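Number of protein chains: 2
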Amino acid sequence: MKTAITDMFGIQYPIIQGGLHGLGTSPLVSAVSEAGGLGLLTAGSFDSKEEMLLDIERTRHLTSKPFGVNIAIGIRKPMDEYVAGVIEAEVPIVFTSGANPAEFVKPLKDNGVKLVHVVPSVKFAKKAEEIGCDAIVIVGYECGGHPGREDVTSLTLVQKAVREVSIPVIAAGGFSTGASLIAALSLGAEAVQMGTRFVATKEVVLHERIKEKLPQLTENDTMIVKRSIGKPIRVMATEQAKELKALEDKGATLEEIMPYISGEAYLESLRTGDLGKGIFSLGQTIGLIDTIASVGDTIDQVMGEARRVLKRLEHYEKL
Amino acid sequence: MKTAITDMFGIQYPIIQGGLHGLGTSPLVSAVSEAGGLGLLTAGSFDSKEEMLLDIERTRHLTSKPFGVNIAIGIRKPMDEYVAGVIEAEVPIVFTSGANPAEFVKPLKDNGVKLVHVVPSVKFAKKAEEIGCDAIVIVGYECGGHPGREDVTSLTLVQKAVREVSIPVIAAGGFSTGASLIAALSLGAEAVQMGTRFVATKEVVLHERIKEKLPQLTENDTMIVKRSIGKPIRVMATEQAKELKALEDKGATLEEIMPYISGEAYLESLRTGDLGKGIFSLGQTIGLIDTIASVGDTIDQVMGEARRVLKRLEHYEKL
Chain A
1 MKTAITDMFG IQYPIIQGGL HGLGTSPLVS AVSEAGGLGL LTAGSFDSKE
51 EMLLDIERTR HLTSKPFGVN IAIGIRKPMD EYVAGVIEAE VPIVFTSGAN
101 PAEFVKPLKD NGVKLVHVVP SVKFAKKAEE IGCDAIVIVG YECGGHPGRE
151 DVTSLTLVQK AVREVSIPVI AAGGFSTGAS LIAALSLGAE AVQMGTRFVA
201 TKEVVLHERI KEKLPQLTEN DTMIVKRSIG KPIRVMATEQ AKELKALEDK
251 GATLEEIMPY ISGEAYLESL RTGDLGKGIF SLGQTIGLID TIASVGDTID
301 QVMGEARRVL KRLEHYEKL
Chain B
320 MKTAITDMFG IQYPIIQGGL HGLGTSPLVS AVSEAGGLGL LTAGSFDSKE
370 EMLLDIERTR HLTSKPFGVN IAIGIRKPMD EYVAGVIEAE VPIVFTSGAN
420 PAEFVKPLKD NGVKLVHVVP SVKFAKKAEE IGCDAIVIVG YECGGHPGRE
470 DVTSLTLVQK AVREVSIPVI AAGGFSTGAS LIAALSLGAE AVQMGTRFVA
520 TKEVVLHERI KEKLPQLTEN DTMIVKRSIG KPIRVMATEQ AKELKALEDK
570 GATLEEIMPY ISGEAYLESL RTGDLGKGIF SLGQTIGLID TIASVGDTID
620 QVMGEARRVL KRLEHYEKL
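Protein chains in written order, with this note's numbering: chain A, 1 to 319; chain B, 320 to 638.
Think of the hints as simulated: they come from the structure by calculation, not from any bench. One or more hints might be untrue.
Stated by the list, open to error - With a straight-line Cα cutoff of 25 Å, these simulated PhoX-like cross-link-like pairs (lysine-lysine) come out:
no., chain 1, residue 1, chain 2, residue 2
1, B, K561, A, K231
2, B, K396, B, K425
3, B, K396, A, K250
Keep in mind that this is a model prediction, so the values were computed, not measured.
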């Protein structure tokens, strides 16, 4: 399936793995790229540039196909050294998110890197085009992780972004199936980015106790927390997340909510499988995911369904 | 364009006008049906059964094509007499919403009426199928008016409903364009229901002062109120709506918020164009609507775009 995005990245299918803090490492990334999508290493998952460079090497041992690096700006630490690392390692694709990537545009583009910025609103989509990004990801309210503050869903955001920018648009938030891939293409997107769907795979390095819980969840089992500090995030509706929300509703201070939202608590829960620690990003589309499959089978299933949907739509075309 | 829903209703296009309290009257309804969609009179707009019967007659003078009646149950008053009126007038299609229509299933179906129930969740979709409804409308978080309490968006709800029920699914919430119609069909729906899009038409009887405001609004200009009483509703983000939300956030009583949410205040605002009275339902998709067109031109535009999108998708099919 050929789109502006598959052309831009030299990939087989218009399916991109979302940036997944702590989970976007070589086992998942290489599997996504090897299966014809685009895997993204999540820079923030690594304690240092050197660790990231090591995992870039590991990924290259596992696949000869293109992959990229996702760099979340301003969330955890200065990302300059990771940007330098990407250039040093000659990774051809970078996705940025979290804040304006303006300072990184010149160094990345001077080195031939394709730069895609992840935005939660049309306003920021236009800004990303202005500063020279090659494409944008627009993320709707239903997404796992960080939607915008205005709670606008993918249906509207994707169409509006396609109207307002001339660079290719990648749809994110609620896309996990072949049917939703075709929906995204209908809305004018050139690819989808899937986070939640790839969290529910065999290859992702995530404690089995969390992984086996995922297929049992429904579309009602996510919630938004961290609104009180202006950084809404959609997470699994665990007891811990509900406690956090209740604290926020009571006007808790940053100090009081910190044990729930710290990166350390999250990384510990990934390792130990104890969801009593930290919060765990998850999209509403988890309600459509009922198995833990290999990445290859997942992409096959998505593309198989996409082809069946196209066949069905062809029937309308003839009328 | 032929789908299970166009077949069921004998209509040309899989486009259904949403139930619009105070606005779903003969001028709009006849225009939608005449243009090849399905118009729905909103029973709650009429003070009595007799008034509704009169408007059914008016609609029949304006179009010979099929139209239906939307009956919101349990929101304003007992709807038994309106159901009796529909049967008496031999209207062939009823959409119910707001509460379980179980008591009306037998009388309606015994009289050959097709019954569609509007639901905000998969659980209620299954219930509607169980009690004998002919189809369901499933409404996502982005909709104008009443979404569910669980804030799940159309992207996930439509797909999940299609998996879980065997009666046809109509997608609502965020659908206003030809691209989104094809997205809905991709997700497995057999039609879309559009509310907000038909509010922004020449024919709808709505004060010009409100109407001319609509094309200027963006996708960020709606908000949800009435959560405090367990009946979330998405409305235009007017000063009045923001005041109401602030009151709710401070724990206001039902009595305190009543001036904002009463049906009388709403109906007065429709007549006077004064949005300082009441709240005005509106979906996020308003951000994609930039003109007030006739219903005929609107449906032409939607179907024209839908055909162009199908043509574009055909290109993927060949790859």
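- What hints, given by number in increasing order, does this structure fail? Checked against the structure, the only hint that fails is number 3, while the rest are satisfied.
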